[in-house]
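Each chain is listed here by its residues.
There are 2 protein chains.
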Amino acid sequence: MTGSVEEYLNQHKDRHLNLLLDLLRIPSVSADSSHRQDMRKAADFVRSAMEKAGLTALLHETAGFPIVTGCWREAGADAPTVLIYGHYDVQPPDPLNEWTSPPFAPDIRDGKIYARGATDDKGQMLTHLIAIEAWLKTTGSLPVNVIMVVEGEEEVGSNNLDLFLESKREEYACDIAVISDTSMYAQDMPAITYGLRGILACEVLLTGPNRDLHSGVFGGAVTNPINALVKMLASLHDEHGRVTVPGFYEAVVSLTDEERGQFAALPFSQEEFERDLQVKGTTGEYGFSTPERRWARPTLDLNGIKGGYQGEGPKTIVPSKASAKITCRLVPNQNPQQLTAALRQHLEAVCPPGVRMEFKDFHGCSGLVFNTSGPYFQAATSAIEKAFGRAPVFIREGGSIPVVASLKHIFNVETLLLGWGLNSDNLHSPNEHFHQRNFERGTLASAHLFSELAAMKTS
Amino acid sequence: MTGSVEEYLNQHKDRHLNLLLDLLRIPSVSADSSHRQDMRKAADFVRSAMEKAGLTALLHETAGFPIVTGCWREAGADAPTVLIYGHYDVQPPDPLNEWTSPPFAPDIRDGKIYARGATDDKGQMLTHLIAIEAWLKTTGSLPVNVIMVVEGEEEVGSNNLDLFLESKREEYACDIAVISDTSMYAQDMPAITYGLRGILACEVLLTGPNRDLHSGVFGGAVTNPINALVKMLASLHDEHGRVTVPGFYEAVVSLTDEERGQFAALPFSQEEFERDLQVKGTTGEYGFSTPERRWARPTLDLNGIKGGYQGEGPKTIVPSKASAKITCRLVPNQNPQQLTAALRQHLEAVCPPGVRMEFKDFHGCSGLVFNTSGPYFQAATSAIEKAFGRAPVFIREGGSIPVVASLKHIFNVETLLLGWGLNSDNLHSPNEHFHQRNFERGTLASAHLFSELAAMKTS
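These protein sequence lines are chains A and B, in that order. Each residue of the first sequence is one higher than the one before, counting from 89 in our numbering. Each residue of the second sequence is one higher than the one before, counting from 89 in our numbering.
Just so you know, the hints here were simulated from the structure itself, not pulled from any lab data. Watch out, some of these pointers could steer you wrong.
[Unchecked claim] Per label pair, the in silico range of CB-to-CB distance: (1) Glu346/B with Gln426/A: 56 to 62 Å; (2) Arg113/B with Arg197/A: 48 to 54 Å; (3) Asp345/B with Glu186/A: 57 to 63 Å; (4) Ser136/B with Asn185/A: 56 to 62 Å; (5) Glu186/A with Arg113/B: 36 to 42 Å.
[As the list claims (entries may be wrong)] Far from chain B, by Cβ distances over 10 Å, these chain A residues were calculated: (6) Ser229; (7) Tyr397; (8) Phe450.
Using N, Cα and C, we set each Cβ at its ideal position, and we do this for glycine too.
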């Protein structure tokens, strides 16, 4: 890579930071319909940023929120074509009262940028756009062909992305995909993620009596929807922390002894883990370590529950309704659709008389694991080494990035998951943040990646 | 009773209705601290209404909300002294969106007064005050001595009432107590309630990780507070609908065969019961009928539950907190304090590592049953017969009226529980209402009660 690209990045540091801050000021919460306008605003912002960087940018309408693309295809047929994916939507910010500074008024404290979406994924997504800008403004070209795809529904299941990518099967044919929506292993310990968990997400709603009832007048004689719901949900785990949904573990690809060895070799302190979360002890699937539980074992988590009186003090009612949101993290080769159906069946089977059950299937995707040998992973490794001063470790990740499975399926490409953030950046939590230093090093690594990929291809 | 009293009630019907409507316009929700001002307003309203009726009225400050009293003691030492209890506080109105007309903008539709507190207890309490007014305005006197005590904390446990009544042990010495805070058995089927369930109320709160966590990054490796809570709460009932808290049934006074016979003899249709609530089937303690479950068996109901994400759509978090509100209905001779401690112990015993449990004890009171033979119950029977045109049935009630136990304990008096409302009046539910006809007949019965009690005493 020519030194001028790196110089450019240093000279325009402040402007690039402000670009991120401006994007973070837009509350693009895809799960909350009251933010429709903001979603549009964020999409327009990304499109115009792509244009200014020198890409041919387009905004594509979908049944949901728009998808923004930016292309530069002048590197020629011999140069590799890289598809870079990111998302401009963010998680809901609540609980609001736990934020030190407002989630959509970015604030920089001790080198960290605090805002919802700082790491996930506005900050990480922009590193690639800024690297592209640096190449085009200094050399007038890029060593690779680039297709950048930035969607607005990642946090709600990417429901319209696959349809869009399918429609671009030929136009967007590519050699490798790059996504920065994961984490480093630790500060100054960059990582390439070669495995992801899948997910299924749903909601179960119970309706009992047609109105809240006096718990004295009716209590004991009607099915209480909350009483029923807790029984039903409690039946989803056994006493060993294993999920009881029939067939849940059938297809699970177990960890190899080699992988268990690699995991065990990574620096990890259970004590620090618990201190950071301020918990005494943890629970989980019997017989597995914390890293194994996080990266390689399936889960069933209740993400939210509500029913009856939510105010102060007591209220002596039998409520009319109760509901809970459920997500399962899946590992290769569990099938999200099959398991969602099995979960629904299990809940219906244990639903008692006197309540009506409704079931909402939100979305699902499979987990996957890549083979880390091969030139693309080598190119990424040296790019990261040049930017961070040390080679990345290969890790797996407990999160889910549905698009990675789609990219494999539609374009038959692997994805380089290059995380510039940290697990401690409070993704999906109050006070989400992104280290300014990682924002800059990630941008530099992305700039190196383009030349490394080009070199690899021509060598 | 002189005809003039009844005439007076007929002539002033509209003014008395408006008196109730004005009181119903005051949102005196004792459980919600944002209504402090309204509580004061309601107390002042009751005090001035007592004065206008001809009672010597006083407002007594307490550590909580004021207690209002009104006395007339000129019937002489031979006349019985009647203590009438009521409350001016009401249940919270939510869920607000289920009200046809706003809860604190009383609306009259098909002879029913719709508003929070219409039956429980503003409307029923006023029947006695209006009867007193009718006597005093027409005859210049009452056939009995009257002490009226109206508190503002019935819906939150009457925490300051006992201390007040204790302080009036001599001054308020009385022969019998009267409370209208129960229900008739059915429309045109008046009832005297001779048994009440007791109650204990508490809240359990779990705190896990110090922040909401990404369910992909952390899921499966930390104790999820909602997962833990549903397991803990589910463990409170066995598969026969019996409460599993150790010792819960130990002290329970079982129904006699005679009582089970009386219950079975009352008109009751399980089909209509389910149709009214729009449920298919019910569940409850194995081996008992619906009336037995409602009146004579203890319960454990979850009144509210919350944790994690409460918004639209999915949110992939492991939440930091989860909590639930619990009430148990108790029967004679279960001890609320002992059982609250046992419940707390049970929950602590099943609380898993990785979450911190907090327990809030709201309040409790014992259940009780009266002997229905005796002159006071006879006097009440004939008063009701005169006003309603038929003798009342003797029933028990699933609700709890803590003051009844206190009155027995402090003044050694029984309480006549004369209900003018209906179970179908939506007490504690949206669209609470009171039949205008029952408001008027209840007032007339109260007017008759004073002369019946006087006659009884002198006969």
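### Message
Minimum C-beta separation from serine 229/A to chain B exceeding 10 Å: can you confirm that?
### Response
Its Cβ never comes within 10 Å of chain B, the nearest being 38 Å, so this holds.
### Task
Indicate whether the distance between the beta carbons of aspartate 345/B and glutamate 186/A respects the range 57 to 63 Å.
Holds - the Cβ-Cβ distance for aspartate 345/B and glutamate 186/A, about 58 Å, lies within 57 to 63 Å.
### Task
With respect to the beta-carbon atoms only, verify the hint that glutamate 186/A and arginine 113/B lie 36 to 42 Å apart.
38 Å, holds
### Query
glutamate 346/B and glutamine 426/A, beta-carbon distance inside 56 to 62 Å?
58 Å, holds
### Task
Go ahead and decide if the range 48 to 54 Å is satisfied by the Cβ distance of arginine 113/B to arginine 197/A.
50 Å, holds
### Query
Just checking, tyrosine 397/A versus chain B, shortest CB gap more than 10 Å?
Label violated. Min Cβ-Cβ 4 Å, cutoff 10 Å.
### Task
For the range 56 to 62 Å, tell me whether the beta carbons of serine 136/B and asparagine 185/A fit it or not.
Distance hint for serine 136/B, asparagine 185/A is violated at roughly 41 Å.
### Task
Evaluate the condition: distance from the CB of phenylalanine 450/A to the nearest CB of chain B exceeds 10 Å.
4 Å, violated
Hints 4, 7, 8, counting from the list given before, are not met by this structure.
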